[in-house]
Amino acid sequence: MKTKRADFASAFLRGRMVVAGGLGHQPSVLDTVEAFHPQKRKWERLAPMAMPRCSASSIVIRDRLLVVGGVNQVPSSAHEILYVKEEECL
266 MKTKRADFAS
276 AFLRGRMVVA
286 GGLGHQPSVL
296 DTVEAFHPQK
306 RKWERLAPMA
316 MPRCSASSIV
326 IRDRLLVVGG
336 VNQVPSSAHE
346 ILYVKEEECL
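Reading the sequence shown from the start, the letters are residues 266 to 355 in this note's numbering.
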């Protein structure tokens, strides 16, 4: 991963392992999203989440990664839907 993180949401989506949010090393809550492409053996940054969050759950529904719950240092939305476009990870 390009950004060190713990306590992140993850799922396998469109042939890639996607990680979202988590707790950074400072510690700080992250909004960053990255995908690992196994064939290229490479991590790539994707568009960030609207709100940072850690301790969230995730599930893939209809080619979208749904990140639910989690905590942040400020009030935030209870969910986010992340859509990984094919061209983002080619």
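Because the hints were derived from the structure by calculation, they are not lab data.
Beta carbons are placed, not taken as given, at the ideal position from N, Cα and C, and that holds for glycine.
Be a bit skeptical, because a hint or two may be false.
What the hints assert, rightly or not - Simulated crosslink set (DSSO-like; lysine-lysine; CA at most 30 angstroms straight-line):
{"no.": "1", "residue 1": "Lys269", "residue 2": "Lys307"}
{"no.": "2", "residue 1": "Lys307", "residue 2": "Lys267"}
{"no.": "3", "residue 1": "Lys305", "residue 2": "Lys269"}
{"no.": "4", "residue 1": "Lys267", "residue 2": "Lys305"}
Unchecked claim - Derived Cβ-Cβ restraints for the label pairs, each shown as a range:
{"no.": "5", "residue 1": "Asp328", "residue 2": "Gln291", "range": "19 to 27 angstroms"}
{"no.": "6", "residue 1": "Arg306", "residue 2": "Gln338", "range": "30 to 38 angstroms"}
{"no.": "7", "residue 1": "Asp328", "residue 2": "His290", "range": "15 to 23 angstroms"}
{"no.": "8", "residue 1": "Ala312", "residue 2": "Gly334", "range": "16 to 24 angstroms"}
{"no.": "9", "residue 1": "Gln304", "residue 2": "Gly334", "range": "26 to 34 angstroms"}
{"no.": "10", "residue 1": "Ile326", "residue 2": "Gln291", "range": "26 to 34 angstroms"}
{"no.": "11", "residue 1": "Phe277", "residue 2": "Pro313", "range": "16 to 24 angstroms"}
Taking the hints in turn, this is what the structure says about them:
{"no.": "1", "hint": "Lys269 <-> Lys307", "verdict": "holds (15 angstroms)"}
{"no.": "2", "hint": "Lys307 <-> Lys267", "verdict": "holds (10 angstroms)"}
{"no.": "3", "hint": "Lys305 <-> Lys269", "verdict": "holds (20 angstroms)"}
{"no.": "4", "hint": "Lys267 <-> Lys305", "verdict": "holds (15 angstroms)"}
{"no.": "5", "hint": "Asp328 <-> Gln291: 19 to 27 angstroms", "verdict": "violated (33 angstroms)"}
{"no.": "6", "hint": "Arg306 <-> Gln338: 30 to 38 angstroms", "verdict": "holds (35 angstroms)"}
{"no.": "7", "hint": "Asp328 <-> His290: 15 to 23 angstroms", "verdict": "violated (32 angstroms)"}
{"no.": "8", "hint": "Ala312 <-> Gly334: 16 to 24 angstroms", "verdict": "holds (20 angstroms)"}
{"no.": "9", "hint": "Gln304 <-> Gly334: 26 to 34 angstroms", "verdict": "holds (32 angstroms)"}
{"no.": "10", "hint": "Ile326 <-> Gln291: 26 to 34 angstroms", "verdict": "holds (32 angstroms)"}
{"no.": "11", "hint": "Phe277 <-> Pro313: 16 to 24 angstroms", "verdict": "holds (20 angstroms)"}
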